[in-house]
Amino acid sequence: MTRPGLSHARQLGTLLGLVALSAVLWALTPHFLTVPNLLNVAQQTSINAIVAIGMTFVIISGGIDLSVGSIVALSGVTLGMALQNGQPLPSALALGVGTGVMCGLLNGALVSWGRLPPFIVTLGMMSIARGAALVATEGRPVSGFDPLFRSVATGQLGGIPNPIFATMAMYLVAHVVLTRTTFGRYVYAIGGNEEATRLSGVSVRLHKTMIYAVSGVTSAVAAVILTARLNSAQPIAGIMYELDAIAATVIGGTSLMGGEGSLSGTLIGALIMGVLRNGLNLLGVSSFLQQIVIGAVIIFAVLIDTVLKRHRN
Amino acid sequence: MQKLIVVVVALLAASLPACNRPAPGTGRPKVALVLKTLNHPFFVDMRRGAQEAADRLGVQLEVQAAEREIDVEKQMQIVENMIQTGISALAITPSGSREIISALVKARDAKVPIIIVDTRLDEKAAADARVHAETFVGSDNYEGGKLAGGYLVKATNGKARVAILEGIPGHETGDSRLRGFRDAVSEAPAITIVASQPANWERDQGFNVFQNMLQAHPDINAVFAASDLMALGAIEAIAAAGKTGKIRVVGFDALDDAKKAIAAGTMDASVAQFPAEMGKIAIESAVKAMRGEKLPLDIVVKLAMVTKDSLAKP
Chain H
123 MTRPGLSHAR QLGTLLGLVA LSAVLWALTP HFLTVPNLLN VAQQTSINAI
173 VAIGMTFVII SGGIDLSVGS IVALSGVTLG MALQNGQPLP SALALGVGTG
223 VMCGLLNGAL VSWGRLPPFI VTLGMMSIAR GAALVATEGR PVSGFDPLFR
273 SVATGQLGGI PNPIFATMAM YLVAHVVLTR TTFGRYVYAI GGNEEATRLS
323 GVSVRLHKTM IYAVSGVTSA VAAVILTARL NSAQPIAGIM YELDAIAATV
373 IGGTSLMGGE GSLSGTLIGA LIMGVLRNGL NLLGVSSFLQ QIVIGAVIIF
423 AVLIDTVLKR HRN
Chain D
546 MQKLIVVVVA LLAASLPACN RPAPGTGRPK VALVLKTLNH PFFVDMRRGA
596 QEAADRLGVQ LEVQAAEREI DVEKQMQIVE NMIQTGISAL AITPSGSREI
646 ISALVKARDA KVPIIIVDTR LDEKAAADAR VHAETFVGSD NYEGGKLAGG
696 YLVKATNGKA RVAILEGIPG HETGDSRLRG FRDAVSEAPA ITIVASQPAN
746 WERDQGFNVF QNMLQAHPDI NAVFAASDLM ALGAIEAIAA AGKTGKIRVV
796 GFDALDDAKK AIAAGTMDAS VAQFPAEMGK IAIESAVKAM RGEKLPLDIV
846 VKLAMVTKDS LAKP
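So the sequences go chain by chain: H and D.
Residue numbers for the first sequence follow this note's numbering, beginning at 123 and rising by one.
Residue numbers for the second sequence follow this note's numbering, beginning at 546 and rising by one.
Hints in this document: simulated from the structure, not taken from any laboratory.
The structure displayed is predicted, hence computed values, not measured ones.
Beta carbons: idealized from backbone N, C-alpha and C, even for Gly.
It is possible that part of the hints are untrue.
Under 8 Å between C-beta atoms, here's a sample of chain D residues computed to sit facing chain H [claimed, not checked]: (1) Ala611; (2) Glu612; (3) Gln622; (4) Glu625; (5) Asn626; (6) Ser647; (7) Gly715; (8) Glu717; (9) Val739; (10) Pro743.
Quick look at which bits of chain H chain D covers, simulated, 3 or more residues with Cβ under 8 Å [stated by the list, open to error]: (11) 253-262; (12) 344-357; (13) 398-405.
Go ahead and model the full structure; you've got the sequences and the hints to work with.
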């Protein structure tokens, strides 16, 4: 189980990192700390932040999900094709999200009942879901949707774009599930000590399957927002999203060893990545150098974490 | 934790020399050039041409690109972020002809004139969103495809079994090249297109896809690739099959590597575009648009066929 004291200190650290980064950008460019730009960052972060919710569940349970980016693509094209075939919005959304759930369930079932390593299962799913998206669309983007659907991403309420509300709602629900429900406790327990959890009478297989299904759901929700934002469902969408989501999760203090982590940390982690990308754009840093900076921040965030932990022990 | 802060600060400080921020008060207008990617010689050349024009015209040029050519979501983010920096004009090579339009709506709302370069917008989607570009600067990819097709018809005396390596499906650039090529070869009844598959603009996929095509159709004696990188991949596949010189290869872009291959005789021809010229005209047009000058709807940049003969000429 997670130790609350340590995890709070860790989260505070990550938050301070975000604040420090923002302060630096504020000092370097007058364009950073403006309301439109901050809304921009929040909106640009929303897709990665939502995918990272499921990733956090999976990583806390000691697993990994490499298939999230491909599930984003497959759910997106399922949704897009349903809309194009004249399905009403609710049933198209259900089809899109259902596709994500199915992929997640399949991942989970293979990991639990098939006793296969999550890395292998989700690596396979990454290829299968991508291939399925390409087959379904013959490789072409699906576009031309009802303006009502587009408002999912382009609409706003009180000046705040809808994706930001969606992200906040998803985090709120997921946070409650992870910290206030039996299922949530089992997520930590499985990651902490799977054998002990099984011996205490918990159906580890069932819960693991559900954990991967959660990841399927969050990828599918991200797909809805992405499809609305691009006004097009692309079978090649979401490439490398798994790495962005893993990065947000580990920057946020979730341990790749499992058993430890928090969604608030992951949200801050996703924001750090978003602020960093935005800031480097504003500063006109070349896209090649940006990749070096982002990679270095990921490594250093986790390095500091490890050093602190060793120090405490 | 303080260490993390120090590290972040240090990293940002380290990245500062690479930022081309204006000294405060210079007040040079800023023009953004958003490319598909910078890991392709075509776009690197385009940036060079744009930079020369920007220096000459006294505007500050900000060049940004996504890490991957197909990442239109990242490109949208870049456009949104650039608008925040108060750019006076935006020149862009869209990664998605329809998808990028949502970002261009924001540029329109910020009253930033838009110059479209190299890849056209989807006309209907642009009209629906009421996005208006000042001009389009680019080569006519359809004419380029026709040029390549016409060359192949002549070189084979109108008799060949042709394979086509396509770019990423749904990209206007590649689709136009293919349409042009098909229209040109359709005039020669003895030319048959035996296979046409996407290799997604990439060299390694060009190799694999063409190798597979050769397995399925050993009688292929000509290949048209919608870009040189794919053509260069195909050349390797041809060499691996021991068929160098027996299969005519026509590419597109006239990259340096392709010119070398043409000089060496492993490749027949390539359609040359002039990306540096495109970059130059894009920035000149952006500056004109900033001044409120009216621009023509289309600015066509020339194309040329590069062959062994043309390379031999000074």
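We went through each hint and held it up to the structure:
1. Ala611: 7 Å, holds
2. Glu612: 6 Å, holds
3. Gln622: Holds. Min distance 5 Å.
4. Glu625: OK, holds: D:Glu625 within 8 Å of chain H, min 5 Å.
5. Asn626: At about 4 Å, which falls below the 8 Å cut-off, the nearest Cβ of chain H leaves the hint on D:Asn626 intact, so it holds.
6. Ser647: 6 Å, holds
7. Gly715: At 4 Å from the nearest chain H Cβ, D:Gly715 passes the 8 Å test, so the hint holds.
8. Glu717: Given a least distance of 11 Å, the restraint on D:Glu717 is violated.
9. Val739: 20 Å, violated
10. Pro743: 6 Å, holds
11. 253-262: It holds, with 3 qualifying residues against the three required.
12. 344-357: holds (count 6)
13. 398-405: Held - the segment 398-405 of chain H has 7 residues with a Cβ nearer than 8 Å to chain D, which meets the minimum of three.
Consistency with the previously given hints fails for numbers 8 and 9, ordered from lowest to highest.
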